[in-house]
Structure formats: structure tokens, C-alpha cells
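Turn these sequences into a full structure, and let the hints steer you where they fit.
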Amino acid sequence: MEKMNQYPTLVSAHLPRIILILREQLMQCAKQNGMNHPETIRQSQLLDKLIYEYQLGMLAQSKGGSFRD
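At position 48 of the sequence shown (counting the first as 1) the number is 247 in the numbering used here, and the numbers step up by one without a gap.
Rather than coming from a laboratory, the hints here were simulated on the basis of the structure. Some clues are possibly wrong.
[Stated by the list, open to error] Okay, the calculated beta carbon distance ranges per label pair:
(1) ALA212 x LYS262: 36 to 44 Å
(2) GLY263 x GLY233: 39 to 47 Å
(3) GLU223 x TYR251: 15 to 23 Å
Just so we're clear, the structure is a prediction, and the values are computed from it rather than from any experiment. Even for Gly, the Cβ is constructed at its ideal location relative to N, Cα and C.
Okay, here's the thing in C-alpha cells:
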């Protein structure tokens, strides 16, 4: 899987909040356009990538490593 661009530490620290905001936007998009609409799918994929980045960071943190070990 292709790694996302390197996020500055400041942005990485705010990933949980960004994820919550994007989740709400995704739900609104799905309500307005339907689950199979290209924009809904695009937003879902973006959210998946950010959640993955967050999980990687949490795993590294629990192992005492850096965000990108």
C-alpha cells in the first residue's frame, strides 16, 4: 500500500479530530448522494487512509517507536 504524504507532527496530533470531522462529512455525503456515489466512495477511501495512519501512529507509540517506524 502506498504511504500517504508525510504529515507534520502538528497535523498528526490532530488526526483524531480530523477523522471525526471527515466521518461526519462522509455520512452527510452518503445521505445526500447515496452509498455508491463516486464522491461518497472517494470520501470513504480518504477516511480509511487517515484511520490507517492513526492506527500506525498508535501502534508505534505503544511500542515506544516514532510515528513512522
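Cross-check of the supplied hints:
1. ALA212 x LYS262: 36 to 44 Å: violated, 18 Å
2. GLY263 x GLY233: 39 to 47 Å: Because 44 Å falls inside the window, the suggested range holds.
3. GLU223 x TYR251: 15 to 23 Å: At roughly 19 Å between Cβ atoms, TYR251 and GLU223 fall inside 15 to 23 Å, so the hint holds.
Of the numbered hints stated above, the single one contradicted by the structure is hint 1.
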